[in-house]
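J.: Each chain, letter by letter, is given below.
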Amino acid sequence: MPAAAEATAGSRTRGRLRVVVAKPGLDGHDRGAKIIARALRDAGMEVIYTGLHQTPEQIVETVIQEDADAVGLSILSGAHMTLVPRIVELLREQEVDDVLVTVGGTIPAGDIGELEALGVARVFTPGAPVGDIVAFLRERLEA
Amino acid sequence: MTPPPATAPIVPSTYDDWLDAYGASRERDAEFVTLSGEEIRPLYTEADLPADRDASIGLPGDFPFTRGVYPSMYRGRLWTFRQFAGFGTAVETNERFHYLLDHGQTGLSTAFDMPSLMGHDSDHRLSLGEVGREGVAVDTVDDMQDLFAGIDLGEVSVSMTINAPAAIMMAFYVAAAERQGVPAERLAGTIQADILKEYIAQKEWCFPIDHGMRLQGDMVEWVSRAMPRWHPISISGYHIREAGATAAQELAFTLKDGFTYVEEAMERGLDVDSFAPRLSFFFNAQIDFFEEIAKYRAARRIWARELRDTYGAKNPKSWLMRFHTQTAGVSLTAQQPLNNITRTAIEALAGVLGGTQSLHTNSYDEALALPTEEAVRIALRTQQIIAHETGVVNTIDPLGGSYFVEALTDEIERQAYDYFRRIDELGGMVQAVKQNFPQREIADASYELQRRIDRGERIVVGVNQYTEGDDAETPIHRVDPALERKQIDRVRAVRAKRDAKPVERALAHLREAAASGQNLMPILLEAARAHATEGEIVHALQDVWGAYTETPVF
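Just so you know, the sequences run in chain order P and A.
In case it helps, our numbering puts the first sequence at residues 1 to 143.
In case it helps, our numbering puts the second sequence at residues 1 to 554.
Just so you know, these hints were derived from the structure itself, not from any lab.
As the structure is a prediction and not an experimental result, all values here were calculated from the model.
Check each hint, because a few of them may be wrong.
[Claimed, not checked] Selected chain A positions facing chain P (in silico; Cβ < 7 Å):
hint, residue
1, Met118
2, Glu204
3, Ala243
4, Ala334
5, Ala547
6, Glu550
Glycine is no exception: its CB is placed at the ideal position from the N, C-alpha and C atoms.
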C-alpha cells in the first residue's frame with residue numbers, strides 16, 4: 001500500500017512537485033529511500049513512498065494514479081538492469097512520457113550509461129549528497 | 001632529534017589546572033561527537049571510572065564479562081574468520097566455499113538471494129532479476145545438497161543468514177546432511193532466525209509478526225532438543241545499524257529482541273539453561289572506533305546481568321554473550337572505493353578489541369556490486385594482518401580500564417536501559433514493533449546523520465570532502481544473468497522429477513499443523529525430504545496465516 005506522506009491528488013497545491021519514491025524488487029534496504037523521501041518532503045515536495053517489494057507494474061500504476069512529476073527508484077539488490085528497463089518500458093506502454101525517472105542505489109559505473117540511454121535522467125550512487133538530489137529534481141522539473 | 005626546549009612548558013598538575021589550560025587554548029572548529037551524535041568531552045580521567053570497578057569491569061571470563069567471555073580470549077584461540085558468501089546457483093557458491101576454505105577461512109557463512117530470503121521460488125514473478133544476485137538461490141533440498149558438495153557437514157561449522165523462512169532452510173539443511181549420512185545431532189553452526197529485526201530493519205518477511213514468532217519458536221524448540229551443537233538464533237543488530245540506527249539503538253533493540261526470545265522459549269516450558277548457552281549475537285562494526293568497542297563491552301555486561309538476575313539462568317554459559325561481527329556495509333562509499341579497505345580495517349579492529357568471536361570483513365567494492373574474488377581476499381587478509389601483525393591479540397582486552405572506554409561503556413549501557421524502559425511502556429518489543437517504535441527511532445536517527453553529512457558537519461572522505469581522484473574504474477564482479485535461467489531450470493527439473501504424492505501430503509499436513517499449535521519442524525522435514533520447494537511451503541503456511549504488509553514510516 002503506498003503511504004501518502006502528505007495530501008494526495010485531490011488537494012494538490014499548485015506548483016508543488018509530486019514525487020513517487022519507489023522500492024522495486026525484493027531487497028529491504030530502505031534507509032536511502034526513506035532519507036530521500038523525507039528530504040524531498042522537507043524541501044516542500046509532495047512525496048508518495050510506495051513501501052517495499054513493489055513490482056514494476058505496481059510502481060507504474062502508482063506513478064499514474066498519483067499524477068507524479070518524477071519517480072525515484074531505489075535498488076540495492078543488483079537487479080537494476082532487469083527492473084529499471086521494465087519500468088521504463090511499462091511507462092512508455094502507458095504513454096507516460098512526462099515523468100522524470102531517477103535511480104539510486106548500488107549501481108556499477110558501467111551500468112549507468114546504459115540506464116541513462118534507456119531514458120533514466122540521473123543515477124545516484126551511495127554517498128550522493130541529498131542536497132544534490134533535491135537540486136537536480138528542482139532544476140529539471142521547475143525549469 | 002630535537003633537544004628539549006630550555007624552558008619546559010608548564011605541566012598542569014591538577015584537573016582544574018588542566019581545565020584552565022584547556023580553556024585558554026584554541027579548539028578546532030569541528031564537532032566532537034560520535035557517529036551516533038553523542039558529545040565527547042575533551043578528557044576523561046579516573047573520576048569517570050565506575051565506582052564499583054570490580055563488579056562492573058571485572059576480569060575476562062568472569063561475571064559480568066565486560067572484558068570478554070573467555071579467560072584466555074585470543075591468546076587461547078583467535079576469532080573465526082568467517083566471510084559471508086553466496087551468489088548464483090548452489091554450484092557457483094559451492095566453488096566459492098571451497099576457495100575460501102582453501103585460503104584459510106575456518107567457517108562457512110551462507111548468503112541467500114532475495115527470493116530465498118522472502119520465501120519465493122526462483123520462477124516466481126517477484127524473483128525476476130533477483131535470482132542468485134545478492135546470494136545463492138536455494139529452492140529445494142537438492143540445492144542445499146549441491147551447496148555443500150564435497151564439504152563434510154559433520155566437520156565444518158556453517159552459518160546461514162536467513163530469517164523469515166529460517167525453519168524451512170533448517171529443514172533443508174538437516175535433510176541434506178542426512179543424505180551425506182550426517183545426523184542432525186552432529187551438525188554445528190548458526191542460523192540467524194532473528195525474526196523481530198526483519199520487521200524492524202531488514203524487511204525480508206513472509207508472515208504476520210505473531211505467526212513469524214511462532215514459526216521461529218517452533219524451530220528454536222526443536223533445535224534445542226535435537227541439535228546440541230547448533231545455535232538456533234543469531235540475535236542481530238547488524239541490519240538494525242545498517243538501517244541507520246545509532247550504536248545505542250543497535251544495542252538496545254538487539255538485546256530487547258534477545259530478551260523477548262528468551263521469554264518466548266521459557267513460556268514454551270523450556271528451561272532457560274537448556275537454550276540460552278546456544279543463543280548468539282551479531283553486531284555491526286561501524287567506523288567510530290571507541291563507540292563500537294564500548295557497545296560490545298556494554299552488550300556483554302547487560303546480557304550477563306539480565307540472564308542471571310532477571311531470567312534466573314544458573315549455568316554460567318547462559319550468561320555469556322558470544323557474538324559475530326561484520327564491518328559496516330553502510331560505511332562503504334561508491335566514491336574512491338579503495339578507501340573502503342582502510343575503513344574496513346579500522347572497523348574490524350574495533351570488533352577485535354571489543355572481543356568478537358567471529359568476524360566478517362567487507363570487501364572494498366561492495367558499494368558497487370557483489371565483491372570480486374580479489375576484493376574478498378583483501379578483506380580476509382585484513383583480518384589476518386590484525387591477527388598476526390598488529391600485536392593487539394597479545395593481551396586480553398587491552399582497552400579495559402581506559403577512562404574513556406569505560407565511561408563510554410557505562411553511558412551506552414545507560415542509554416540501552418532507557419530504551420528498555422520505553423519499550424516496556426509500549427507493552428514489550430512485539431508491541432513496540434507493531435507500533436513502529438523502533439522503526440521510527442531508526443528513521444529519525446538515520447535522517448539526522450544524513451543532515452549532518454549534508455551540512456558538512458560530518459566529513460565522509462571522498463564524499464563531501466577530498467573528492468578529487470575518483471576517476472579510476474573499479475573492476476566489479478558480474479553475476480552472469482544466465483544463472484537465473486539456470487536456477488529456474490533447476491527448480492523446474494526437481495518439480496518434474498519428484499513424486500508429487502508425498503509433496504501434497506506434506507503440504508496438507510503443514511496447513512493442518514499451522515492451524516493447530518503443533519510444532520511445525522517435523523512436518524517441514526517431511527516436506528524437505530519430499531523435495532517440496534521453499535515457495536510451496538511458504539504458500540501453504542500463508543494459506544493459513546496470511547502475508548505481512550508494512551505501514552512504512554519515514
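J.: Hints first: check each against the structure and report whether it holds.
T.: Verification of the hints:
no., hint, verdict
1, Met118, "5 Å, holds"
2, Glu204, "5 Å, holds"
3, Ala243, "5 Å, holds"
4, Ala334, "4 Å, holds"
5, Ala547, "10 Å, violated"
6, Glu550, "6 Å, holds"
Against the hints set out earlier in the document, a violation occurs for number 5 only.
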